[in-house]
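Trainee: Hey, can you work out the whole structure from these sequences and the hints?
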Amino acid sequence: MEKGFARVWRKTGTRLTLLYLLLLLVGRMNGEAGVAPPGKPRLINCRSPEKETFTCWWEPGSSGGLPTSYTLFYRKENSDVVYECPDYITAGDNSCFFDKNHTSIWVNYNITVVAQNALGNASSDPMDVDVMNIVQPHHPENVTVTLMQGENLYLQVKWQPPRMADTRSGWITLTYELLVKREEDDEWEEYFAGLQKQYQLFSPHPGETYMVKVRCKPDHGYWSEWSATAYVDVPDYLPRERSVWMLLAVFSAFVFLIFMWVLALKKNRVKHCLLPPVPGPKIKGFDSCLLKMEKSEEIFNGLIGLGFRPPSDSGDLLVDYLEVSESIQSESRHSLSPNGKDQVKDSVADHSGGHLCDVPAILAEKCNKEMEAQGDVQTEESLETVGHLAGNDNHTPNPSAASSNQPCVQESPYHVPEESKQGLDPVTWDNDELSSYRGNAPVHGKSHFNSEYVTERWQGCLQVTKPTEYVEVQKVNQENTLILKPKAEEEMEDFLQLGLRGQDYSKVSELVNDHILLLERGSTTPNTYCGSLGSPVQQQPKQTLCQGPNGYVETFTVQSSSY
Amino acid sequence: CVLHCWSLFVLLLMCLDLHTLVESAPICAHGHTGCHSPTLSDLFDRVIQHSARMHGLSSDLHSDFEQYFLPSRNQIGRINRKCHTAYILTPNGKENAQRLAREELTEVILKLLAAWRDPLSQFHRSMARHEDFTSISGNKALEMSDMVHQLKNGVEKVAEKMQLLGMISNSLMSLSSTEALAPHSASSEARSMSDYELLYCFRRDSNKVQNYLKILKCRIVAEHGC
Numbered sequence: 001m002e003k004g005f006a007r008v009w010r011k012t013g014t015r016l017t018l019l020y021l022l023l024l025l026v027g028r029m030n031g032e033a034g035v036a037p038p039g040k041p042r043l044i045n046c047r048s049p050e051k052e053t054f055t056c057w058w059e060p061g062s063s064g065g066l067p068t069s070y071t072l073f074y075r076k077e078n079s080d081v082v083y084e085c086p087d088y089i090t091a092g093d094n095s096c097f098f099d100k101n102h103t104s105i106w107v108n109y110n111i112t113v114v115a116q117n118a119l120g121n122a123s124s125d126p127m128d129v130d131v132m133n134i135v136q137p138h139h140p141e142n143v144t145v146t147l148m149q150g151e152n153l154y155l156q157v158k159w160q161p162p163r164m165a166d167t168r169s170g171w172i173t174l175t176y177e178l179l180v181k182r183e184e185d186d187e188w189e190e191y192f193a194g195l196q197k198q199y200q201l202f203s204p205h206p207g208e209t210y211m212v213k214v215r216c217k218p219d220h221g222y223w224s225e226w227s228a229t230a231y232v233d234v235p236d237y238l239p240r241e242r243s244v245w246m247l248l249a250v251f252s253a254f255v256f257l258i259f260m261w262v263l264a265l266k267k268n269r270v271k272h273c274l275l276p277p278v279p280g281p282k283i284k285g286f287d288s289c290l291l292k293m294e295k296s297e298e299i300f301n302g303l304i305g306l307g308f309r310p311p312s313d314s315g316d317l318l319v320d321y322l323e324v325s326e327s328i329q330s331e332s333r334h335s336l337s338p339n340g341k342d343q344v345k346d347s348v349a350d351h352s353g354g355h356l357c358d359v360p361a362i363l364a365e366k367c368n369k370e371m372e373a374q375g376d377v378q379t380e381e382s383l384e385t386v387g388h389l390a391g392n393d394n395h396t397p398n399p400s401a402a403s404s405n406q407p408c409v410q411e412s413p414y415h416v417p418e419e420s421k422q423g424l425d426p427v428t429w430d431n432d433e434l435s436s437y438r439g440n441a442p443v444h445g446k447s448h449f450n451s452e453y454v455t456e457r458w459q460g461c462l463q464v465t466k467p468t469e470y471v472e473v474q475k476v477n478q479e480n481t482l483i484l485k486p487k488a489e490e491e492m493e494d495f496l497q498l499g500l501r502g503q504d505y506s507k508v509s510e511l512v513n514d515h516i517l518l519l520e521r522g523s524t525t526p527n528t529y530c531g532s533l534g535s536p537v538q539q540q541p542k543q544t545l546c547q548g549p550n551g552y553v554e555t556f557t558v559q560s561s562s563y
Numbered sequence: 001c002v003l004h005c006w007s008l009f010v011l012l013l014m015c016l017d018l019h020t021l022v023e024s025a026p027i028c029a030h031g032h033t034g035c036h037s038p039t040l041s042d043l044f045d046r047v048i049q050h051s052a053r054m055h056g057l058s059s060d061l062h063s064d065f066e067q068y069f070l071p072s073r074n075q076i077g078r079i080n081r082k083c084h085t086a087y088i089l090t091p092n093g094k095e096n097a098q099r100l101a102r103e104e105l106t107e108v109i110l111k112l113l114a115a116w117r118d119p120l121s122q123f124h125r126s127m128a129r130h131e132d133f134t135s136i137s138g139n140k141a142l143e144m145s146d147m148v149h150q151l152k153n154g155v156e157k158v159a160e161k162m163q164l165l166g167m168i169s170n171s172l173m174s175l176s177s178t179e180a181l182a183p184h185s186a187s188s189e190a191r192s193m194s195d196y197e198l199l200y201c202f203r204r205d206s207n208k209v210q211n212y213l214k215i216l217k218c219r220i221v222a223e224h225g226c
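Chain order of the listed sequences is W and A.
Per UniProt numbering, the very first residue in the first sequence carries number 1; after that it's consecutive.
Per UniProt numbering, the very first residue in the second sequence carries number 1; after that it's consecutive.
Don't take each hint at face value.
Said to hold, decoys possible - Below, a list of computed lysine-lysine pairs in the DSS-like style, where the Cα atoms sit at most 27 Å apart:
{"no.": "1", "chain 1": "W", "residue 1": "Lys158", "chain 2": "W", "residue 2": "Lys181"}
{"no.": "2", "chain 1": "A", "residue 1": "Lys140", "chain 2": "W", "residue 2": "Lys217"}
{"no.": "3", "chain 1": "A", "residue 1": "Lys140", "chain 2": "A", "residue 2": "Lys157"}
{"no.": "4", "chain 1": "W", "residue 1": "Lys181", "chain 2": "W", "residue 2": "Lys217"}
{"no.": "5", "chain 1": "W", "residue 1": "Lys76", "chain 2": "A", "residue 2": "Lys140"}
{"no.": "6", "chain 1": "W", "residue 1": "Lys76", "chain 2": "A", "residue 2": "Lys111"}
{"no.": "7", "chain 1": "W", "residue 1": "Lys100", "chain 2": "A", "residue 2": "Lys82"}
Simulated from the structure, these hints should not be mistaken for laboratory data.
Mentor: Here it is, written out as structure tokens:
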């Protein structure tokens with residue numbers, strides 16, 4: 001009997017155990033469905049939007065298959081009193097909301113969450129929270145972007161601080177940040193706005209849409225979420241400034257091109273204008289050759305002889321003549337024959353032959369070369385006259401000399417009229433002009449002196465030559481002779497009378513008998529004049545009319561003791 | 001004569017220019033006539049900037065300390081003792097702060113600043129002894145202790161100005177009495193605090209000072225910053 005009972009008992013026990021094990025197995029296989037104490041929850045974070053309230057969130061652990069409840073406990077700093085969360089609902093699931101009455105700033109909160117179910121409970125790790133550190137405001141509100149028209153078009157972004165944050169009393173200080181993007185761009189541009197609640201974006205691209213969003217941050221806290229994006233369409237426009245500048249640039253480029261083209265065309269003239277050719281020194285009667293020889297007396301004498309009237313030394317009048325030697329590229333001379341007849345020589349002879357200066361050869365050559373060089377380079381050359389004794393054998397008459405008989409040539413102190421010369425010194429004249437007036441061979445050149453020679457000559461010139469002066473032509477008598485009236489000498493009238501057609505100057509065509517001047521009809525502008533030179537000894541004093549290369553008339557007395 | 005006149009004229013001009021250059025504005029504490037004293041708003045801005053800088057330094061030092069000296073998570077953010085300034089009653093919320101009168105608020109600020117002068121210089125000295133702490137942190141500590149002193153002077157100037165303008169009554173306690181009111185235990189307590197605890201407490205108190213100053217400013221000088 002007892003054996004049977006034990007047997008039954010053993011069987012039941014085994015079955016029960018099996019059943020129990022089976023149940024356990026089933027329970028384990030089902031996992032959560034099974035009962036277990038809850039898993040440990042985890043506090044995520046706590047945040048305060050305005051530093052007056054705050055919320056804490058947790059993450060629940062495993063529930064253990066049973067309905068689990070979560071409780072949040074907290075302790076305040078240095079106090080052992082444990083409080084429970086005042087509000088589990090306002091902030092949503094698994095959260096605890098601390099309202100104003102339960103929030104203290106600058107106080108350390110020690111927070112713990114406990115999960116509890118039928119089988120047990122589990123407590124999270126504690127978290128220490130000071131509200132001053134966990135401020136994360138809401139995003140800014142009422143973000144607007146508008147087109148503004150100032151000097152140029154710009155975008156004005158405006159926003160409001162989040163509603164709950166009290167910035168007006170100074171409790172919270174918020175700083176703001178913007179993100180701006182054009183619709184087709186990929187990247188956002190960051191702009192920091194500081195404490196202000198508006199921001200300008202200048203020079204927006206025309207014809208595009210802009211997107212703007214704003215966020216804020218307190219002094220020592222976290223950035224808020226981004227606000228809702230605001231859009232604005234920018235119309236097509238050209239900034240005034242840019243168009244004006246473009247126009248200006250195009251116009252000035254155009255002008256510049258034209259200018260360069262003109263410059264290229266008139267290259268020579270520009271060159272002439274900018275770098276004018278340096279004229280050689282020309283002073284009437286002032287010979288650079290003389291300078292080189294350093295004969296100051298002669299220089300001065302030469303100067304004086306030209307412009308000034310020497311004390312009229314009637315008893316000491318020597319006939320002398322001035323020889324003009326000119327050539328464009330070389331020398332040509334006018335030389336006077338010893339008997340007073342002038343022969344104008346235009347020679348294109350080269351310098352290598354005749355040196356006018358019988359000076360020490362070196363100097364003379366030097367002078368020659370320099371002058372030649374000048375003559376080569378420049379079209380203008382100074383005309384210098386050479387005092388030269390008649391009968392100087394060095395001067396060989398040039399058969400191709402000028403056609404007209406011209407008695408003599410003398411340096412003219414008279415002013416060449418303006419229109420006949422260009423850039424000419426008052427004391428000199430342009431040989432080109434001379435040639436043009438003469439119409440013959442060009443008259444040009446330099447004079448060279450023999451120094452000793454010169455002395456006599458110049459002296460002779462001084463003594464003999466009357467200062468040049470204009471001759472006033474009175475009338476032409478029937479014989480076609482000129483009747484002239486010199487300014488200083490009224491006796492001149494006796495010799496000649498000339499009638500003019502009302503012109504001041506006449507061109508002399510011929511000298512007859514040494515005292516009769518034949519004038520051409522028609523007027524020419526006066527240029528050179530002449531004086532005649534004769535040998536101081538041989539000739540008789542008389543008045544001679546001489547004609548310059550262009551026919552300008554002047555009178556002077558030659559060795560005159562009587563007029 | 002012309003040359004002389006001209007040179008004289010130029011000299012005169014130069015003198016005038018120099019005069020305008022030199023004419024800078026000295027700050028007059030008592031608003032003497034002829035002085036160009038800053039406005040109350042300017043003074044407030046200055047002290048607020050100052051306090052912001054001070055709090056920034058304290059935060060930096062605190063986080064440095066946490067990184068190097070207290071790696072274990074248990075101790076972070078928690079102190080076992082009260083701060084030595086716990087005897088000073090400070091408002092713990094916006095309403096509380098706004099409920100306080102201007103004079104009281106100013107007094108609280110001054111008390112706080114006075115209470116920290118000695119502990120911070122002590123802290124700087126102990127920092128110098130720490131070999132592990134970098135020189136940068138040492139400089140910050142020195143700067144911080146200087147700043148407390150300067151800020152207190154600044155706030156006193158602000159208080160004087162406010163009294164002058166009649167914005168607050170003259171019941172404000174003088175500097176010496178402020179310090180005298182501090183209980184003796186506070187200073188001994190401060191001395192026994194660890195460096196970390198000191199930093200923790202000062203970080204909080206500097207934040208209080210900054211916040212109270214801002215509230216005071218916006219209450220007295222309503223401006224765009226508020």
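Trainee: A separate judgement is required for each hint: does it hold in the structure or not?
Mentor: Comparing the hints with the structure gives:
no.	hint	verdict
1	W:Lys158 <-> W:Lys181	16 Å, holds
2	A:Lys140 <-> W:Lys217	25 Å, holds
3	A:Lys140 <-> A:Lys157	25 Å, holds
4	W:Lys181 <-> W:Lys217	21 Å, holds
5	W:Lys76 <-> A:Lys140	31 Å, violated
6	W:Lys76 <-> A:Lys111	24 Å, holds
7	W:Lys100 <-> A:Lys82	24 Å, holds
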